[in-house]
Amino acid sequence: MSAAATDGATPVQTTETGRLRVRLGTLLRRPLFVVGLTILVGYAVVAIVGPWLLPDPLATGQGGPLQAPSADHPFGTDRFGRDVLARSVAAIRLDVVLGVTIAALAMTIGSAIGVLAGYWGGWVDEAIMRCTDVLLAFPGFVLALIIAAVLGDNVRNVVIAVAIAYTPHFVRLTRAQVLSVREMEFVDAARIGGNRPLRVAFRHVLPNSLGPSMVQATLVTGWAILDVAGLAFLGVGIGPPTAEWGVMVAEGANDVVSGYWWTSLFPGGMIVLAVAAFHLLGDELEGELR
Amino acid sequence: MKRYLVRRIGLSLLTLLGIVMLVFVVSRVLPGDAAALRAGPYADEARIEQVRQQFGLDRPLPEQFVDHVSSVARFDLGVSTRTNQPVRDELLARLPASLELGAFAVLLACAIGLPLGIVAAVRRNRPVDLLVRGFAVLGSSMALFWLGLLLLYFGFFRLGWFPGPVDRLPIGTAAPPTVTGFFTVDAVLAGDLGLALTALHYLALPVLTLGLVLAAPILKMVRGAMCDTLDADYVRTARSVGLPGRTWVLTDGFRNALLPVVTAIGIVFGYLLGGNIIVEFIYSWPGIGRYAYQAIQSNDLQALQGFVILVGVLYVTLNLVIDLLYTRIDPRVRLGGKVGA
Amino acid sequence: MTLLTVERLTVALRDDLDHPLVRDLDLEVAPGEVVGLVGESGSGKTLSSLAIAGLLPPEMLVTADRLEVAGNPRSGPRRPGAVDVAMIFQNPRAALNPTMRVGRQVARAVRANRGGGRQAAHDEAVRLLGRVGIPGAAKVAKAYPHQLSGGMCQRVVIAMALACTPRLLIADEPTTGLDVTVQAQIFDLLQELVADTGCGVLFITHDLAAVAELCDRVEVLYGGQRMESAPKVELFERPRHPYTTHLLESVELDVDPWADDPGVDLTLPGCRFAHRCPAVHDRCTAVPPAYPVATGHRSACFLCEEERVDTA
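Chains as they are written, first to last, in the numbering used here: chain A, 1 to 290; chain B, 291 to 631; chain C, 632 to 943.
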């Protein structure tokens with residue numbers, strides 16, 4: 001129980017129901033969670049330390065194009081003679097950060113809208129629900145694709161486009177939680193205590209409705225990375241010569257058929273590993289919350 | 291029941307309208323200068339102005355909107371700036387290729403996902419279950435473009451078992467007479483089994499790419515739903531009256547898990563419609579996905595718009611079919627009312 | 632010959648064998664007898680009955696000195712198709728497959744136990760539905776569970792149990808949540824079936840009034856141990872165990888007998904009622920044997936040692 005003082009109105013007790021009462025300690029006892037966490041920590045370490053040890057990801061002519069993996073170039077070189085390992089590592093920072101950003105954005109905006117819809121009800125709720133229905137009537141990737149294509153090819157637009165595709169999920173999720181939370185006693189207490197409706201909604205109802213959203217956020221991070229890379233692969237959003245996993249796979253795609261597998265398959269593999277790590281985190285988090 | 295149908299179809303039509311509106315907003319309102327976008331990055335002022343007039347982008351928005359909706363209602367999706375052909379015709383010509391690929395992919399995904407999901411649920415928390423769940427995590431994390439290239443590398447370059455990314459049939463081979471547009475089906479209908487097998491051969495890698503990835507969500511859903519139903523009271527009753535394991539797993543467990551499973555298949559179609567683009571690009575498959583890719587590359591907004599509308603229509607129709615399937619699957623939805631005392 | 636003989640039944644989780652959920656339980660059911668198994672939730676009544684029926688999951692270990700139905704020892708989980716112990720449960724609508732017509736569900740049970748063709752099984756199913764008192768059985772057979780009332784659903788479940796021609800019928804709180812009039816009808820049906828087929832019924836409940844109405848004998852359970860066992864009238868008029876006395880008093884005062892129960896500590900040796908017993912003393916740290924105190928009347932309490940009689 002924590003007491004939350006409100007300005008000018010009576011202090012209100014909030015309960016911890018729905019708030020994340022998961023301690024890191026219990027999570028760490030789940031082996032799959034540890035695996036996922038280790039992978040991500042590994043990525044973080046490599047991303048930070050890598051640039052010191054590795055050649056410039058944009059520098060061409062590093063000992064000849066399309067060199068197979070060797071001691072000098074563990075991941076080989078691509079058709080422009082760039083070191084594939086250096087580029088893959090540089091891409092970690094870009095892709096993972098983008099994934100997290102998109103998930104955070106979608107969750108923040110989606111939850112806020114979801115609280116509004118669930119708490120107010122009435123025509124506000126109806127209107128918001130119809131909008132999410134339409135947005136969800138599209139496969140997310142296609143929606144992100146056309147938005148990104150229309151807005152123009154840069155990082156900012158990709159983030160916006162993919163975030164828009166995932167926001168409706170959070171709206172629905174939060175709204176469902178809010179519908180049950182708002183009937184709880186502590187909300188009535190907050191209302192009676194004289195708090196303005198907006199404050200009740202955001203200060204008391206929202207934090208207790210976020211449980212399932214947190215799980216979804218980890219999963220969405222993984223999917224967002226896939227989407228950003230997928231869009232880049234198709235030439236939308238991020239493009240060459242930026243070191244981004246999807247871009248790298250696209251650049252190497254033509255060469256794979258001729259047998260030069262390392263230019264595409266290494267960066268692609270890193271995507272799968274990163275996304276799998278987020279997946280494991282999300283699955284274990286969900287198992288813990290259940 | 292009739293009322294439910296009518297309501298459901300009405301809702302679908304409304305959603306379709308919403309989609310058309312959304313596409314309008316995205317393609318006309320969102321970009322800074324819609325004309326400049328269509329004219330492309332190399333156009334000068336004069337060209338942009340020309341494009342603006344050509345597409346009626348200088349008219350007031352409400353007028354544009356009415357125009358847009360009425361065109362779509364008439365199935366007029368405009369003309370591609372890349373090929374100068376009507377977008378609708380081009381999409382329709384390529385649709386069967388994508389449908390054939392998609393249908394086989396979903397079949398494969400179900401063939402993998404359904405049995406594995408059932409086994410994982412029946413042998414919960416045993417080694418088989420963990421293996422299966424591992425596969426599910428891998429599948430959900432799989433980048434389609436990576437898997438496609440991986441399979442190409444091993445299946446085509448290394449092992450030579452499968453054809454390269456060329457087309458649906460070897461160059462120079464004539465397609466079977468068109469009945470459904472599915473080369474496999476049409477070849478069989480024409481009595482040419484050899485051709486059908488060749489078509490399958492060329493379908494193999496792209497179908498495998500999509501199918502393996504799509505199997506993961508199906509598997510997860512089936513396992514989850516089965517775990518729920520296997521814990522249900524009615525399964526306990528079935529066991530207590532002496533029904534053999536296979537019966538109560540399938541007839542009581544799986545049959546009652548169908549609802550969420552069908553939902554999962556619906557979601558999977560969503561991934562399919564998106565992942566289509568990537569797979570068709572990698573394998574040079576002449577479907578609507580590849581058409582979309584070409585539209586992106588050449589800044590052909592009209593074609594891309596048409597593609598998006600088509601995808602929206604397909605998705606809404608699909609969800610409608612699934613909702614109608616629900617009524618067949620769950621008698622509680624179909625029939626109300628009490629019988630007897 | 633008894634229908635059901637259970638001696639020293641113990642049920643525990645394989646991971647936690649030191650804390651058995653049911654410990655050294657003894658039970659007997661004679662042909663044509665309705666035995667009430669009384670206890671609160673957690674007393675082990677459902678677990679023991681599932682163990683007898685062979686329906687427990689493999690995570691549970693079941694051991695007993697004797698576990699025989701109609702003279703046949705039971706070993707391991709039940710084999711499908713040869714069911715001699717049928718069970719019916721609480722919440723009848725949930726016990727029926729919601730996507731299958733009830734007639735077919737009964738017919739399935741018939742075919743699994745007696746074999747035969749589809750048509751014959753269907754005819755038998757309709758006959759059984761009529762036997763359990765469902766009017767218009769042929770029409771009802773085509774219905775789905777959600778279209779039937781709770782009482783009707785329970786009758787269908789009983790019909791499915793009958794399809795197994797069971798020697799013993801275990802009914803686990805079959806009427807909880809049903810209307811009082813429906814309850815009376817189900818009781819009448821059960822008594823009819825006992826009289827007709829000579830099967831035995833193990834009737835599990837926490838409702839003493841139901842016991843008074845339906846049962847011939849009563850077994851009182853607490854914490855997975857049998858506290859007292861007696862013919863019905865004998866139990867109500869001359870209870871010989873502190874727990875039984877507590878139960879009967881609570882019914883008289885119309886209070887919930889288990890309201891302040893902190894729960895059984897499975898780690899403690901000895902009598903599991905000791906922690907709440909008003910007559911607890913030093914000897915209670917050992918498990919009391921079931922002293923016979925009258926004909927067919929046993930009490931597992933050291934206080935009864937003096938009065939024990941030599942006739943069982």
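If you are wondering where the hints come from, they were derived from the structure by calculation, not from laboratory data.
Since this is a predicted model, take the numbers as computed values, not measurements.
Ideal placement from N, C-alpha and C gives every residue a C-beta, glycine not left out.
Any given hint could turn out to be false.
[Said to hold, decoys possible] Selected chain A positions facing chain B (Cβ under 7 Å, derived; list incomplete):
| id | residue |
| --- | --- |
| 1 | T108 |
| 2 | F141 |
| 3 | V142 |
| 4 | A149 |
| 5 | G194 |
| 6 | V272 |
| 7 | A276 |
[Stated by the list, open to error] Selected chain B positions facing chain C (in silico; Cβ < 7 Å):
| id | residue |
| --- | --- |
| 8 | Q343 |
| 9 | V531 |
| 10 | D542 |
[Unchecked claim] Okay, the calculated beta carbon distance ranges per label pair:
| id | chain 1 | residue 1 | chain 2 | residue 2 | range |
| --- | --- | --- | --- | --- | --- |
| 11 | C | E883 | A | G25 | 25 to 33 Å |
| 12 | B | L615 | A | P69 | 28 to 36 Å |
| 13 | B | Q587 | A | W52 | 32 to 40 Å |
| 14 | A | V34 | C | A751 | 22 to 30 Å |
| 15 | B | R414 | A | R29 | 19 to 27 Å |
| 16 | B | P350 | A | R203 | 19 to 27 Å |
Tested hints:
| no. | hint | verdict |
| --- | --- | --- |
| 1 | T108 | violated, 21 Å |
| 2 | F141 | holds, 3 Å |
| 3 | V142 | holds, 5 Å |
| 4 | A149 | holds, 6 Å |
| 5 | G194 | violated, 40 Å |
| 6 | V272 | holds, 5 Å |
| 7 | A276 | holds, 4 Å |
| 8 | Q343 | violated, 61 Å |
| 9 | V531 | holds, 4 Å |
| 10 | D542 | holds, 5 Å |
| 11 | C:E883 <-> A:G25: 25 to 33 Å | violated, 51 Å |
| 12 | B:L615 <-> A:P69: 28 to 36 Å | violated, 50 Å |
| 13 | B:Q587 <-> A:W52: 32 to 40 Å | holds, 38 Å |
| 14 | A:V34 <-> C:A751: 22 to 30 Å | violated, 59 Å |
| 15 | B:R414 <-> A:R29: 19 to 27 Å | holds, 20 Å |
| 16 | B:P350 <-> A:R203: 19 to 27 Å | violated, 44 Å |
When held up to the earlier numbered hints, the structure conflicts with 1, 5, 8, 11, 12, 14 and 16 and fits the remainder.
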